[in-house]
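Number of protein chains: 4
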Amino acid sequence: MAFEYSRRSHFYETDLMGIVHHSNYLRFLEEARVAWLRERKIDHLHGPDAGCYFAVLSTEVKHLKPVYFEEVFKVELETRLEGVVMTFQYRLTTSRYTEPCLVAKTTHVPVNNEMKVLKLNKNIREVFKREKWTETWL
Amino acid sequence: MAFEYSRRSHFYETDLMGIVHHSNYLRFLEEARVAWLRERKIDHLHGPDAGCYFAVLSTEVKHLKPVYFEEVFKVELETRLEGVVMTFQYRLTTSRYTEPCLVAKTTHVPVNNEMKVLKLNKNIREVFKREKWTETWL
Amino acid sequence: MAFEYSRRSHFYETDLMGIVHHSNYLRFLEEARVAWLRERKIDHLHGPDAGCYFAVLSTEVKHLKPVYFEEVFKVELETRLEGVVMTFQYRLTTSRYTEPCLVAKTTHVPVNNEMKVLKLNKNIREVFKREKWTETWL
Amino acid sequence: MAFEYSRRSHFYETDLMGIVHHSNYLRFLEEARVAWLRERKIDHLHGPDAGCYFAVLSTEVKHLKPVYFEEVFKVELETRLEGVVMTFQYRLTTSRYTEPCLVAKTTHVPVNNEMKVLKLNKNIREVFKREKWTETWL
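Chains as they are written, first to last, in this note's numbering: chain C, 1 to 138; chain H, 1 to 138; chain Z, 1 to 138; chain A, 1 to 138.
Check before you lean on any hint, since a few could be wrong.
Same chains, same label: a pair holds when it works inside one copy or across any pair of copies.
Subject to a maximum C-alpha distance of 27 Å in a straight line, what follows is the list of computed DSS-like cross-link-like pairs (lysine-lysine) [said to hold, decoys possible]: (1) Lys-105 <-> Lys-65; (2) Lys-41 <-> Lys-74; (3) Lys-74 <-> Lys-62; (4) Lys-132 <-> Lys-119; (5) Lys-65 <-> Lys-119.
No wet-lab data here; the hints were simulated from the structure.
If you're wondering where the values come from, they're calculated on a predicted model, not measured in any experiment.
With the rest of the complex left out, here is chain C (with noise of 0.2 Å):
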């Protein structure tokens, strides 16, 4: 099953064209990622304490609808491991449309401070075998 995060768009996440500015869209992608790190109980062992990053390889996302100020987004996630590449998925939506307003994906590798690669946690690698990818969304 999908893990889902949600909240609120804030006033100063939009633009002049009233819509939240799609910059804003991959801190969205960012907060959900670290809520399913705590969800599953290793968000320790990642952050400056645990001196473990997911540094960024790629995003791609694709926009179909724009959400407004003060519209509750929900964000559907779903990641799969492969080797030491994190592949994460994301759908996210509001009530105003039936359809998604965006679907993306990152990609991330684990590197501690000076950027180099890590090889991951053993516990993150267990909650990675545990999650499913039912069907790529973009």
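Chain C is fixed; fit chains H, Z and A onto it per the hints.
Positioned in the frame of chain C, the structure of chains H, Z and A alone reads:
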């Protein structure tokens, strides 16, 4: 010849890894697009006064190297028009690395305030005809 | 009783010092104001649909302690109305320190889309009458 | 003579009111401070390589007029040193209004990576001695 846009990265654009946060690159690319419009003297045909916006359909970014605080980065930009869809490609470099820090592609359509797709202004179309797309970078 | 708003800080809100960048606190305060409007059931009288915005006249922030990545912070908010000027004060705390991380004050006037000052909606005025301003925090 | 910093506002810096979001001005002021350090040739004594940061103690901003998309704004900056506390004042103007859009004041202390207050570097102190504080703007 590719259009070029350049500036320094700002302190507030870095994150706790000490490098520019990946979401900010989409902002740099937007700055480059607007600077291109201005250099091509069609910036007045875009924005609230013109009632025309280049809505983002998709973005695709490949990250190769980080950009650090206060580093000068350069964005090369090329663009082409197919029907009403404007495609831009970008290559971002700094003096620190020989390879690019980032290559990216974004697609856009002209829309009005209500997000309705517009016919592209004739002057803008003329500008696109003179642009060169050398090869695909991403 | 002061209204309270709480959430975690995000990765993209940190800077290369490893702490939340100071500009983001103004965004947290805005989130707290909007959450207060929602809790008081007057959020529909604010924003693009209502044609009324709380333009920022001034901000004043005193920083005492930093907020780190993924920390839960709490914003206490109090407010009062004098004429058409709405004053909000804020105290931001985390569990890491006994003293607040930040105390702040912002002032606002209701304006329309053209930045003309509006008479404040009667329902909003009624809400302000029931608010308490215990003492000045800043 | 006051130091001056200037650039255009960006699309992503606007909000749904069609003007620059108030939190972004703190970022413009930071840009102006860093540009001042660079112009005074002491930027290398600041940042991760120097292990010295100008932590923000307080900010105070008075907003008088908005800045719109793609407008050129100019930030005038003056500064003075009292003990270890650096005070900066700013006046932000555009060609649209005769009065300033914003006047502001920020205070800072030099700290290291662990947020410990440092003795200010001698070269930086020398620079401060030559700065003029004409009158208080805020």
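Results of checking the hints against the structure:
no., hint, verdict
1, Lys-105 <-> Lys-65, "both (17 Å within a copy, 19 Å between copies)"
2, Lys-41 <-> Lys-74, "both (21 Å within a copy, 23 Å between copies)"
3, Lys-74 <-> Lys-62, "both (16 Å within a copy, 26 Å between copies)"
4, Lys-132 <-> Lys-119, "within (22 Å within a copy, 43 Å between copies)"
5, Lys-65 <-> Lys-119, "between (38 Å within a copy, 19 Å between copies)"
In summary, the structure agrees with every hint in the numbered list given earlier.
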